[in-house]
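These protein sequence lines are chains A and B, in that order. Numbering-wise (this note's numbering), the first sequence opens with residue 1 and increments by one. Numbering-wise (this note's numbering), the second sequence opens with residue 1 and increments by one.
Possibly wrong hints are sitting among the right ones.
What the hints assert, rightly or not - Here are the computed distance ranges between Cβ atoms for each label pair:
{"no.": "1", "chain 1": "A", "residue 1": "Pro279", "chain 2": "B", "residue 2": "Ala162", "range": "23 to 29 angstroms"}
{"no.": "2", "chain 1": "B", "residue 1": "Glu90", "chain 2": "A", "residue 2": "Glu53", "range": "51 to 57 angstroms"}
{"no.": "3", "chain 1": "A", "residue 1": "Phe122", "chain 2": "B", "residue 2": "Val252", "range": "48 to 54 angstroms"}
{"no.": "4", "chain 1": "A", "residue 1": "Ala219", "chain 2": "B", "residue 2": "Gln327", "range": "46 to 52 angstroms"}
{"no.": "5", "chain 1": "A", "residue 1": "Pro121", "chain 2": "B", "residue 2": "Val252", "range": "37 to 43 angstroms"}
{"no.": "6", "chain 1": "A", "residue 1": "Gly266", "chain 2": "B", "residue 2": "Gln327", "range": "39 to 45 angstroms"}
{"no.": "7", "chain 1": "B", "residue 1": "Pro28", "chain 2": "A", "residue 2": "Thr197", "range": "16 to 22 angstroms"}
Said to hold, decoys possible - To give an idea of the chain A side of the interface with chain B (calculated C-beta under 10 angstroms), a few residues:
{"no.": "8", "residue": "Ala34"}
{"no.": "9", "residue": "Ala35"}
{"no.": "10", "residue": "Phe190"}
{"no.": "11", "residue": "Val230"}
{"no.": "12", "residue": "Asp251"}
{"no.": "13", "residue": "Gly258"}
{"no.": "14", "residue": "Thr262"}
{"no.": "15", "residue": "Asn274"}
{"no.": "16", "residue": "Gly295"}
{"no.": "17", "residue": "Trp311"}
{"no.": "18", "residue": "Leu336"}
Simulated from the structure, these hints should not be mistaken for laboratory data. Ideal Cβ placement from N, Cα and C applies to all residues, glycine included.
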Amino acid sequence: MTTIAPPRGARAGFGDRIRSALAGLDWVLLLAVAAITGFSLFVIGRSTEGDIEGEPRFYLDRQILFVAVGVVAMLVAMRVNLDHVSRWAWALWFGLLGALAVVFALGEATRGSHRWIDIGPFSLQPSEFGKVVLIVVLAGIALQRIDKVGTVRYTLLLTCLALIPAAVVFLQPDLGTSLVYAVVLAAILFLVGVPWTHFAVYGSILAVLLLSVLWLLPAAGFKVLEDYQVERLTAFVGADRDTSDAGYQLDQSKTAIGSGGTLGKGPDGATQANNDFLPEHHTDFIFAVTSEMFGFAGGGLLILLYALILWRGLRTMARASSQIDMLVAGAILAMLAFQVFVNIGMTVGIMPITGIPLPLMSYGGSQTITTLIAVGLLLGIHRRRSPIPG
Amino acid sequence: MTTRARPPRRTGLRAGASTGGWAPALTPGTAMRIAVLGGIALALLGLLLVRLWFLQVISGEEYAQAAEGNRLRTVVTEAPRGKIIDRNGELLVGNRTGTDLVVDPRELTGERRQQVLNRLAGKLEGVTPADLEKRVDAGESRPFESVVVAQNVRPALAYYLAQRERQFPGVRLRDSYLRTYPEGRTAAHILGGTGKISADEVDGYRSRGYEGNETVGKGGVEQEYESVLRGAPGSYTREVDASGEPTGREIVSSRAPRPGRDVQLTIDSPTQRALQDAIEEQVSLNGLSTGGAGVALDPNTGEVLAMASYPDYDPSVFVNGSQKQIQDVISDPENRLLDRAIGGSYPAGSTFKPISASAGLQDGFITADELVDSPSEIELYKTIFPNFRKHSHGYVNLPTALEVSSDTYFYQLGDEFYRAQGSPLQEEARTFGLGGRTGLDVPGEIDGLIPDPAWKRKNFAGAPFTDLDRSWKPGDTINLTVGQGYLGVTPLQMAVAYGAIANGGTVYTPSIGRRVLDPNGRELQELSSGKPTHSIDVSPDHLASIREGLYMAANGGGGTSTAVFGNLPPDRRVAGKTGTAEQVEGKEDHSWFVGYAPYDDPKIVVAVVIEAAGTGSSAAAPTVCKTIAAYSETSFDPGLCGDGAEAN
Numbered sequence: 001m002t003t004i005a006p007p008r009g010a011r012a013g014f015g016d017r018i019r020s021a022l023a024g025l026d027w028v029l030l031l032a033v034a035a036i037t038g039f040s041l042f043v044i045g046r047s048t049e050g051d052i053e054g055e056p057r058f059y060l061d062r063q064i065l066f067v068a069v070g071v072v073a074m075l076v077a078m079r080v081n082l083d084h085v086s087r088w089a090w091a092l093w094f095g096l097l098g099a100l101a102v103v104f105a106l107g108e109a110t111r112g113s114h115r116w117i118d119i120g121p122f123s124l125q126p127s128e129f130g131k132v133v134l135i136v137v138l139a140g141i142a143l144q145r146i147d148k149v150g151t152v153r154y155t156l157l158l159t160c161l162a163l164i165p166a167a168v169v170f171l172q173p174d175l176g177t178s179l180v181y182a183v184v185l186a187a188i189l190f191l192v193g194v195p196w197t198h199f200a201v202y203g204s205i206l207a208v209l210l211l212s213v214l215w216l217l218p219a220a221g222f223k224v225l226e227d228y229q230v231e232r233l234t235a236f237v238g239a240d241r242d243t244s245d246a247g248y249q250l251d252q253s254k255t256a257i258g259s260g261g262t263l264g265k266g267p268d269g270a271t272q273a274n275n276d277f278l279p280e281h282h283t284d285f286i287f288a289v290t291s292e293m294f295g296f297a298g299g300g301l302l303i304l305l306y307a308l309i310l311w312r313g314l315r316t317m318a319r320a321s322s323q324i325d326m327l328v329a330g331a332i333l334a335m336l337a338f339q340v341f342v343n344i345g346m347t348v349g350i351m352p353i354t355g356i357p358l359p360l361m362s363y364g365g366s367q368t369i370t371t372l373i374a375v376g377l378l379l380g381i382h383r384r385r386s387p388i389p390g
Numbered sequence: 001m002t003t004r005a006r007p008p009r010r011t012g013l014r015a016g017a018s019t020g021g022w023a024p025a026l027t028p029g030t031a032m033r034i035a036v037l038g039g040i041a042l043a044l045l046g047l048l049l050v051r052l053w054f055l056q057v058i059s060g061e062e063y064a065q066a067a068e069g070n071r072l073r074t075v076v077t078e079a080p081r082g083k084i085i086d087r088n089g090e091l092l093v094g095n096r097t098g099t100d101l102v103v104d105p106r107e108l109t110g111e112r113r114q115q116v117l118n119r120l121a122g123k124l125e126g127v128t129p130a131d132l133e134k135r136v137d138a139g140e141s142r143p144f145e146s147v148v149v150a151q152n153v154r155p156a157l158a159y160y161l162a163q164r165e166r167q168f169p170g171v172r173l174r175d176s177y178l179r180t181y182p183e184g185r186t187a188a189h190i191l192g193g194t195g196k197i198s199a200d201e202v203d204g205y206r207s208r209g210y211e212g213n214e215t216v217g218k219g220g221v222e223q224e225y226e227s228v229l230r231g232a233p234g235s236y237t238r239e240v241d242a243s244g245e246p247t248g249r250e251i252v253s254s255r256a257p258r259p260g261r262d263v264q265l266t267i268d269s270p271t272q273r274a275l276q277d278a279i280e281e282q283v284s285l286n287g288l289s290t291g292g293a294g295v296a297l298d299p300n301t302g303e304v305l306a307m308a309s310y311p312d313y314d315p316s317v318f319v320n321g322s323q324k325q326i327q328d329v330i331s332d333p334e335n336r337l338l339d340r341a342i343g344g345s346y347p348a349g350s351t352f353k354p355i356s357a358s359a360g361l362q363d364g365f366i367t368a369d370e371l372v373d374s375p376s377e378i379e380l381y382k383t384i385f386p387n388f389r390k391h392s393h394g395y396v397n398l399p400t401a402l403e404v405s406s407d408t409y410f411y412q413l414g415d416e417f418y419r420a421q422g423s424p425l426q427e428e429a430r431t432f433g434l435g436g437r438t439g440l441d442v443p444g445e446i447d448g449l450i451p452d453p454a455w456k457r458k459n460f461a462g463a464p465f466t467d468l469d470r471s472w473k474p475g476d477t478i479n480l481t482v483g484q485g486y487l488g489v490t491p492l493q494m495a496v497a498y499g500a501i502a503n504g505g506t507v508y509t510p511s512i513g514r515r516v517l518d519p520n521g522r523e524l525q526e527l528s529s530g531k532p533t534h535s536i537d538v539s540p541d542h543l544a545s546i547r548e549g550l551y552m553a554a555n556g557g558g559g560t561s562t563a564v565f566g567n568l569p570p571d572r573r574v575a576g577k578t579g580t581a582e583q584v585e586g587k588e589d590h591s592w593f594v595g596y597a598p599y600d601d602p603k604i605v606v607a608v609v610i611e612a613a614g615t616g617s618s619a620a621a622p623t624v625c626k627t628i629a630a631y632s633e634t635s636f637d638p639g640l641c642g643d644g645a646e647a648n
């Protein structure tokens, strides 16, 4: 792991080392991330006080630990030289596939979950970390063969590299994360300049697939998605609102958000969350809780903080010191934007329920740490940025 | 999009990273792609902001109400219904506590509803899951209401469910009040019952401020005095969590239930029991008899002292009985739920004669003392009209004609009515309160029928009837004079009419509700007892001669019911008339008796009909005698009542 060269004084003092570590930091990005994380800890803490009897801080303490681990991971990621790492792209890719396959096999053997590996009291979700790994792998391999860009082979290669792990994740089943993998692929293909005709073909295939999965194949008797998945995907359209559990969740989510009004009902008055009407209030539906507690002021502020992160990221991209930095930053931004939009869109009823957590807000170790690693990569790219103002 | 990022492969990149000084040119293509990516991302966030604005700022109020509806749950606590007591304070209908099984539809969403209701139906007797689901679905539209799916749940089942709350989410046990009937069958028809508001009644009750799942009076006093007996249910509103459990954080509002007020009836339980027992005894003595009914009134107030109908039923079956037992009562071919005393229409037979006599006297067709030949039979309009059992009574005056119940005397009077202008007999009968509802304060009364030419034309209108069928014939009036033919009266109407004879000509509206009492027995309100409807325009002399005839009929040497009443103490003498109402060929006659006592200071008037039990004195008269004997104001040893003999 190479670091940005520190000033090599004969006796570099502690102060100097700190100074050098802080040099070139994207403070705005860091502050936005810190603000959202603080927001997250507050909302998780208040909304889960009554969830486990006798342990009001159960979720809060765990999330604090996740954030702490995540911050360390972020600091490490900041110093990662993507160019070096991307040389190991193929190894990383097989490693990712192996990890996913192991989880899947373990789950199959124990008839348990296909998503997690239990480590003591915690469980690791490789598919979450896989998001970042996939970004680096795709960016690396895309650039290794950049001279072939525009060919069908090139596009197909990258597509396979993304969709094979995505398929394993989909089978776990974790539709949301597999969609994130697909978005990462789309972002990288777009940024390296794959011809628009390839996108058009993909768009058509996607449309046919959606139609088949949701309509044609079930009509012909093949079940591709679990019933609950279809239900969740279609609930936001409004059909069968109160008969399905997904419709119930959506109704309760909208009620929570709407009842927050302009300024919110406060942490104590958020009865939709506190009285359990809103399920998954600390994970997938945490935005609804935030909006119930703090109203449009709170929910809007949160969205603006995400916009701030995106703006800083785009700025960093434009000044990236290398192609790999630019590609990785772009894919990370696409991933974050996609997750934010799909998650919040789900809670406000304009997107299907896909089980995608809200980055930096939702409770959960793997996804918190993964997002902070992604932030660390962004910070590193920023620090390596071209000194010439872009 | 043809231009592409184009720097050389790994070498260039490594150089960029390590030197830190080399920056790849930001080609226009890359810049544009970054802009597109950023544009899309920021546009999506903008879309979220707009949507959030719509939900929270534009529609916030609406969702705030929905959230309140989620959070607050109002639980209704039932109020005990008022008690029903008799005129002496004896308890006829009381309360005990029971357990209702209620389901909150809002807690059973999605597939869970069917699962839980299936499980529940398995525990309940005679209920299918589909029944339950229908009831729960129906209750869903009403906010703040839970659906009662079973009443008076067995303690064993209540315990079972209480132990398994998790298996039965949304299902709760609730204290309720159930009716008790300490006197068993006594006055069952009068009292009526209670039940949950049915689907077709729900709108009516809701407009009167009821919850859809309340218990209301059904039939009888329970229905008539619903507004008095009903207590005001209490309620409390509190905060709950998603599983419906109280959070304990706040009770928003609460209101204690107010018990219903008690109703005291005019019914005298001893008299009531005696009347019921005597009717039951007579019906069972007469193998062909299908039932009977009777009414005892205070002739000076119209208060109903007793009112009975047989076959009867045990009202507690509707509280404790199984579905089958309840169904047995409801669909019984003997029509046990019918109150024959107010809902049964019978020809009056000879008990109608005093009304004919009054009409004859008032209109001057006869005088009381005039002696009229009353042979064994008489021919009028080429038709032979015979006396009962072809007895010949010789020359008799009016009192004697009533004493011996001479038909031929009244046939001749009937001919006078037929030849007179209009319908003087029918008018007189209506004046006495026959042929129309008396206005009793219990539902279920019928009009009965006083036939006249207009009625006959209407009733026999159209094919297959001919003009001859429709025409009013002499025989129609002549038969009516002796209480036969198309005439239909209820025992209650006859009691009211004889009450007017007994009290000097006042027709009272009979009443069963006497007073409204608070739970401590203090009077809150006097009900409608003792309200005369009108006075009959009849001279005291005329009434006196009719009463003399009725006295002789029960006490005279030739009296039709002397065999029954002849041995009563002097201050308990009865005046009254037997009746034998003929039915169609081949069916036994109905046995009637209507009378009052004491004859010189009437305190009770009783009308009894025993269906298909033969002559008036054999079945009905002993029943009346025992009823009078049981009333405290006119009490005597019922053993003094004779068995009766064949007489009409």
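Quick check on A:Gly295 please, does its C-beta sit within 10 angstroms of some C-beta on chain B?
With Cβ-Cβ at 6 angstroms, under 10 angstroms, it holds.
Outcome for the supplied range 39 to 45 angstroms, where the beta carbon pair is A:Gly266 and B:Gln327
violated (58 angstroms)
Restraint satisfaction for A:Ala34 [CB to CB of chain B, less than 10 angstroms]
violated (19 angstroms)
Quick check on a hinted range of 37 to 43 angstroms for A:Pro121 and B:Val252, using CB atoms only.
holds (41 angstroms)
Hint status (Cβ of A:Thr262 to nearest Cβ of chain B, threshold 10 angstroms)
Status holds, d = 5 angstroms.
Beta-carbon spacing of A:Pro279 to B:Ala162 - inside the hinted bounds 23 to 29 angstroms or not
holds (27 angstroms)
Cβ-Cβ distance between B:Glu90 and A:Glu53: within 51 to 57 angstroms?
holds (55 angstroms)
So, as I understand it, the hint says A:Asp251 touches chain B; can you test that by seeing if any CB pair is closer than 10 angstroms?
The hint holds - A:Asp251 has a Cβ within 10 angstroms of chain B, the shortest such distance being about 8 angstroms.
Given a cut of 10 angstroms on the nearest C-beta pair, is the interface hint for A:Asn274 held or broken against chain B?
Nearest chain B Cβ about 8 angstroms off; hint holds.
Using the nearest Cβ pair, does A:Ala35 come within less than 10 angstroms of chain B?
Violated, because the Cβ-Cβ distance from A:Ala35 to chain B comes to roughly 16 angstroms (cut-off 10 angstroms).
Taking the Cβ atom of B:Pro28 and the Cβ atom of A:Thr197, is their distance within the range 16 to 22 angstroms?
At roughly 21 angstroms between Cβ atoms, A:Thr197 and B:Pro28 fall inside 16 to 22 angstroms, so the hint holds.
Holds or violated: is the Cβ of A:Leu336 closer than 10 angstroms to a Cβ in chain B?
With a minimum Cβ separation of about 8 angstroms from chain B (threshold 10 angstroms), the hint on A:Leu336 holds.
Checked against the numbered hints listed earlier, the structure breaks hints 3, 6, 8, 9, 11; every other hint is satisfied.
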